[in-house]
Each structure stands twice: as C-alpha cells, then as structure tokens.
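Visitor: Chains as they are written, first to last, in this note's numbering: chain U, -16 to 223; chain Y, 172 to 494.
These are computed hints drawn from the structure, not numbers from a lab.
Derived CB-CB ranges, DEER-like:
1) U/A14 <-> Y/K220: 36 to 46 Å
2) U/T39 <-> Y/R432: 22 to 32 Å
3) U/I69 <-> Y/L390: 43 to 53 Å
Remember, it's a predicted structure, so these values are computed and weren't measured experimentally.
C-beta atoms are modelled at their ideal positions from N, C-alpha and C, and glycine is treated no differently.
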Amino acid sequence: MEVYFDQFGVFWEGFLGTVQMCVLAAVGALAIGTLVAVLRVAPLPPVRGVGTAYVTVFRNIPLTVVMFVCAFVLPLLGSNADFLKIPGLTTLIRPLGTELPFFRFATIALTVYTAAFVCEALRSGINAVPVGQAEAARSLGMTFGQNLRHIVLPQAWKFAIVPLGSVIIAMIKNSALALSFGVLASMTGVFDRLISQAEGASYDSMAVLVGVVVGYLVLTIPLGLVLDAVERSQKKTVRR
Amino acid sequence: MSSVLYDTPGPRTRAKTIVASIVAAPLIALLAYLVIVQPLADRGQFDWKLWAPIFDTSDPNFPLVWDRWRDGWLRTLKAAVLSMVFSFVLGSLLGLVRRELRELRRRRFPDQPRPARTGLISSVLAGVGLSRGWVEVARGTPVYVTIVVVYTFLPRWGVDFDDRLWYLVIALTIYNSVVIAEIIRSGMENLPSGQREASLAIGLGSWQTSVLVLYPQALRIMLPALISQLVVVLKDTSLGGLTVSYEEALRTTQQMVEAFRGLNIANGIPMFVTLGVMYVAVNYVVSRLAHYLQGRMGSGRHRRKSDEPPVQMVEAGAGAAGA
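Next comes chain U alone, as it looks inside the complex:
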C-alpha cells in the first residue's frame, strides 16, 4: 500500500506521460486521418488508391511492427524525429524535447497507426448519411462545397463521433506499448521503473500493477461512459 504514497511521483509522472503522448497522438491522428479520409473519397482512382493503401497497411499490421519499423527506419534516415521538438510545446510536454528519441518515435508510430482507424471512422460517418440528403442538395443547385458544408458534414460528424471515440479509447490503450520502446514516461513505464529495473525491488509487484491498471481505467472508463451516453441520446433523436 505504501508504494502509492512513497512513489506517487513516479505514478504521476507515468500518468502524465501517457496523457501527453495520447493528446499529441490524438491531434496528429485526427489531422492525418482526415487527410487520408479526403484521399479515400476523392473522385480520382489513383488518389483514392493511395488512401486505401494507407488504411489497408496500417489497419492490418500490429502496432508493434509499426513501432519497430519506426525505430529502425527513422534513425537510418538520420532522423531523430527532431521536427517534433516544437519550441513552446517542449516546455509543456517535456519528454518531447529529450535527447533520446524514443518518446517521439512511439508518438509517431501511434499517430500514423491510429490515423488509419480515424479515417475509417470518418468514412463510415460520411457513408451513413442517407444518399437522398445529398441528392436533394444537388438538385437544389448546391455546389460540391455547399453540399459538404451544409448537408453532408454536419450529419456525417454526428454519425462519426461514437466510432471516433472508440478509436481514441483504443489509442489510449495502445499507448501502453510505448514502454517496449524505451519510453519510461508512460503508465506501463511505472511498472518497469518500480519492479523490473529497481535494485532489490521492495515493492509488491501486485500493488504496482494494480496502480498501473487503475491509471488506464481512469482514462478509458469515463470516456467509454460518455460515449455510451452520447450514443443513447443519438439513438433517441435518430429514431424515426
């Protein structure tokens, strides 16, 4: 029990690291995912092919492999992912600015991997809009842009929000993998620091693990409950 009080700093640091990585990856994945979704619904077959290839690749290989490839390819290309050392951001998110690139590599891997799922969530949202809505808009003489802005996207957003939420929850859980790539500033890193690496570890591994699990549940369960509530309220309004 005393581990929670003695080592609260370690737990807190790990929790913060996980949250920071998740916020970064969520923003990145939403941006890249939207871009890929645009490619995937583009009218030109070759452009569509690029989007489809991206999604097929990243949806079907394990995140572990993505992380390995990141850890191999980026250093080989002479990149320490230094482009993520964005001035103001490194003071806010300290692991981002460290000499060791692992936090940045893991964040990049998590981002490009999650982006594929974000793309699919957005696309399922667009596809869930009844075709008649867009046809009516076109027959009113709306341009492509007007159609998107006033008719399709507001509805697609509503259909996409729940799948997007599940993607983000999955992403939070996936961030646990970062530890295998040397990121100690994560919730799973707490276990590593207090048990595996500690000399003559005096803490009960069970207690530490329970703390780690709680750290993730604090993030995932409330998000899941919010999502359930959103889904329920949508079902009520969508029912015709």
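With chain U held as given, fit chain Y onto it using these hints.
Guide: Below, chain Y alone, put in the same frame as chain U:
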C-alpha cells in the same frame, strides 16, 4: 453509381476523370519514389545482400529464415485460434448471463416469502454490478498490461505453465471474451422486439428465449463483427513476444534480425517490411471473409433496415492492443 458525395458521372466527367487519373498516377509514383524509395536507396537498403536471405533460394540462410518464419507464424496462428475459440465460448456465456441478469432485474419475485425475496433481488443486483464491473475493467485495460498481470499473478497463485503460450491465450481471452460478449449482447438487443415477445408468448422462459431464439439470430447478424475481432486477436498475439517471450512471428523476426546483425548483415528493414507484408496478407484474407459474410447476411432473412448505420466493427486491441 450515385453516392453521398458525387452524382453519377456523365460522359464529360468520366473523360475528365480518366485524363486526370493519367496525369495523377505518375505524379504519385514520383512522389512515392522521392519520399520513400530514394532515401532508402541512398542508404543502401536495396542492396541485394540484405534481401537475399529472404528471396534468393540459393542463399545459405534462405531455408533457415523461412523455417523460422513458418514456425513463428504457426505459433501466432495457434495463439490466435485458441484465444478466439475460448473467447467465443466464454464471451457467449457472459453475453447470455448479462442479458439474463438484465431480465431478472425487472422481476420482483412475488411468489417468494419476504426474506427470500430481498435476498434474490439483492443477489441479482450484485450480479449485475459484478458483471458490469468485470466488463469495464477487462475492456478498459490495455491488453499489454493484461498480459503482464496474468504473467505476474498466475505463477504466484500456483498456476505455472511450461508453455508461455497459455499466459498469452489467457490474457487475450480475458480481453476478447468481454468484447465478444458485448458484440453478442448488442446483437440480441437490436433484434426486432417481436422475436422476444413471440417467444415469451409461446411459453418459453427468459433463458430459453435468449438461448433458443435470440442468440442464434444475433450470431448470424454479428458474424462479420466476430470475424473482424479475429484480426484484432491476430494482431494482439504480437504482444506475446514482447511481454512473455512467446516466439510468435514478430519475435522470431526480431531474433533473426539480431542474428543477422552478428553476421554483419543489417537487414532490419527488409525483414520487418516482409513481416508487415505477411501480416497484411493474412489479415486481408480474414477481413475479406468478414466482408463476404456481411454481404451474404445482408441478403438473408434478417435484412438490416437500410437507414440504419452498418454494423460497427469493434476496432480495438493493439489493435488494438487493442486498438
């Protein structure tokens, strides 16, 4: 075909599309070359020496590499199939029990004497709470952590496996059985209410209604989602290599890369890229199967109402490590 975004193209639009495609395709190829191929080529990654052990049948390492990959993939598939079978059985059971508990919660047991009544009602409530708690905890914990928990706790409780496979299978089963239970439960709850009402009207109890009437139909409708879950499980087996040193496809690849480094062949990229291609191939086949089944189910008796959004695939795990 007309879609949400575009009208059915006429002859002029079609011609424009073809021309634009012919222009765009080489541009994309050029971009891919500049961004991906050239930087790698500059660093000698296309040196045949690095790829020979994988693709050159006359290379002395060729048979060794593919032998190890075959073993690794067999272990990956074994872990995935075992986890999926256990998850399916336990998940079905959990889904049925949760549904039954929900039915029982409405009952007030008027035929029982008063103390038994309060006992029954409170034990039902306890069951509801416990199962709900189990679902939330098992679902909200990263699979990576679940594997570490299983690996740390089971030996301490005197359950020791020689084969590390079982730690992985147990952890994957804990996570996926809960996910499958929720898939099946939502399948049963989204059936037309007439199914349940008719079944109760002919005198079946609520458990019989669930097992004989609702469950088989839910299974049919949810089959594609269940198969997609297999992709998640397949991807999650790769966590077994990292956490419990189970020698599945990823870990074997990792070990081979280490071994080749000893031979002064730095073929990390070729090996992992080939591994990635194999993962894509295997999972692509599985998801095609799901897609095919979804098409078949759609034309069956239980056609989805067309204005309902399609079945959401549960994408979690490392996919999920959940993704």
